[in-house]
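Trainee: All chains should be built: construct the whole structure from the sequences, respecting the hints.
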Amino acid sequence: MKQWSVIIVDDQQACIDHLLKWLKMIPNVKILETFTEPIRALTFLRFNKVDLVILDVQMEEMNGLDFISALPKMKTKIILYTAFAEFEDKGYQRHVVDVLLKPVSYTRLLVALGRFDTEMQITSPELNDRDSLDHYDAYFNIKGPIRYMRKLVRFKDIFYISASNRYVLIYTNLTNDPLVSNSSFQEIKNMLPRNWFIQCAKGFIFNSIYFNSYKKHMIKLNHVKNEIPVGDLNVFTDFRDFIQHNVV
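Going by full-length UniProt numbering, the residue at position 35 of the sequence shown is 35; the numbering climbs one at a time, nothing skipped.
Keep in mind the hints are simulated off the structure, nothing from the lab.
Note that the coordinates shown come from a computational prediction; the quantities given were computed from them, not determined experimentally.
All residues carry an ideal CB built from backbone N, CA and C; glycine is no exception.
Hints may be right or wrong, so weigh each one.
Said to hold, decoys possible - Quick list of in silico lysine-lysine cross-link-like pairs, DSS-like style, CA-CA up to 25 Å:
hint, residue 1, residue 2
1, 30, 102
2, 73, 49
3, 225, 215
To be verified - Beta-carbon label-pair distances, calculated as ranges:
hint, residue 1, residue 2, range
4, 105, 174, 44 to 52 Å
5, 119, 147, 46 to 54 Å
6, 24, 83, 41 to 49 Å
7, 30, 147, 27 to 35 Å
8, 184, 208, 21 to 29 Å
Mentor: Structure representation (structure tokens):
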């Protein structure tokens with residue numbers, strides 16, 4: 001069964017929690033992130049491949065219809081989630097998959113996700129094979145010590161990233177020494193595609209396509225000499241889910 005990546009954008013946390021209660025019961029839905037601030041969601045969408053956005057309409061920071069207009073050019077689908085039926089026509093004019101009225105029932109949510117699944121299978125069959133970064137060309141431009149100096153690093157070339165005092169070290173297959181960024185660890189984390197980059201400990205994120213093995217709270221990556229520490233699995237649940245998936 002194809003697993004679809006989903007984010008929720010709603011400035012009311014209670015509405016997000018209501019959706020999460022139902023979505024956690026659906027095995028082919030993976031919640032990448034939830035946002036109460038639509039601007040942060042737009043930034044996330046610039047750097048992460050997301051199949052579906054469940055989107056509130058009336059938000060203080062940005063109207064949901066304006067959010068759709070501001071979306072990066074991509075094949076991400078939209079389901080509107082609103083308390084006002086009058087937004088249905090405006091939503092369908094923007095080619096949303098469905099419009100859900102709050103508070104949505106579990107059965108009605110399943111109907112909407114069924115429509116989304118059918119539409120994706122028809123319009124984007126290539127998304128059924130999306131297990132590698134080989135054709136993923138997003139990148140960082142890392143600032144150098146000289147003004148306007150930049151070093152381009154594609155995400156697929158990154159082994160792992162670690163926080164070190166006031167800096168972030170980026171280890172790649174391009175050079176033996178790590179590249180140094182003045183950005184915060186959280187800023188860089190928010191820019192990385194969650195389908196492949198997993199936080200395993202405080203201050204450590206690794207690229208799962210280079211994952212080799214895990215033992216005694218340490219990760220071994222292919223082509224990397226040093227092992228990476230792993231924190232509490234009850235805290236870093238994305239990594240816990242990663243190592244528990246497809247166990248034979």
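Trainee: Does each hint hold? Answer for all of them.
Mentor: Evaluation of the provided hints:
1. 30 with 102: holds (21 Å)
2. 73 with 49: holds (11 Å)
3. 225 with 215: Holds - the C-alpha atoms of residue 215 and residue 225 are around 15 Å apart, at most 25 Å.
4. 105 with 174: 44 to 52 Å: Holds: the Cβ-Cβ distance is about 51 Å, inside 44 to 52 Å.
5. 119 with 147: 46 to 54 Å: Holds, since residue 119 and residue 147 (Cβ atoms, about 48 Å apart) stay within the stated range.
6. 24 with 83: 41 to 49 Å: Since the Cβ atoms of residue 24 and residue 83 sit about 22 Å apart, the hinted range of 41 to 49 Å is violated.
7. 30 with 147: 27 to 35 Å: Between residue 30 and residue 147, where Cβ atoms are some 42 Å apart, the hint is violated.
8. 184 with 208: 21 to 29 Å: For residue 208 against residue 184, whose Cβ atoms are near 22 Å apart, the range 21 to 29 Å holds.
In this structure, the earlier hints numbered 6, 7 are contradicted, and the remaining ones agree with it.
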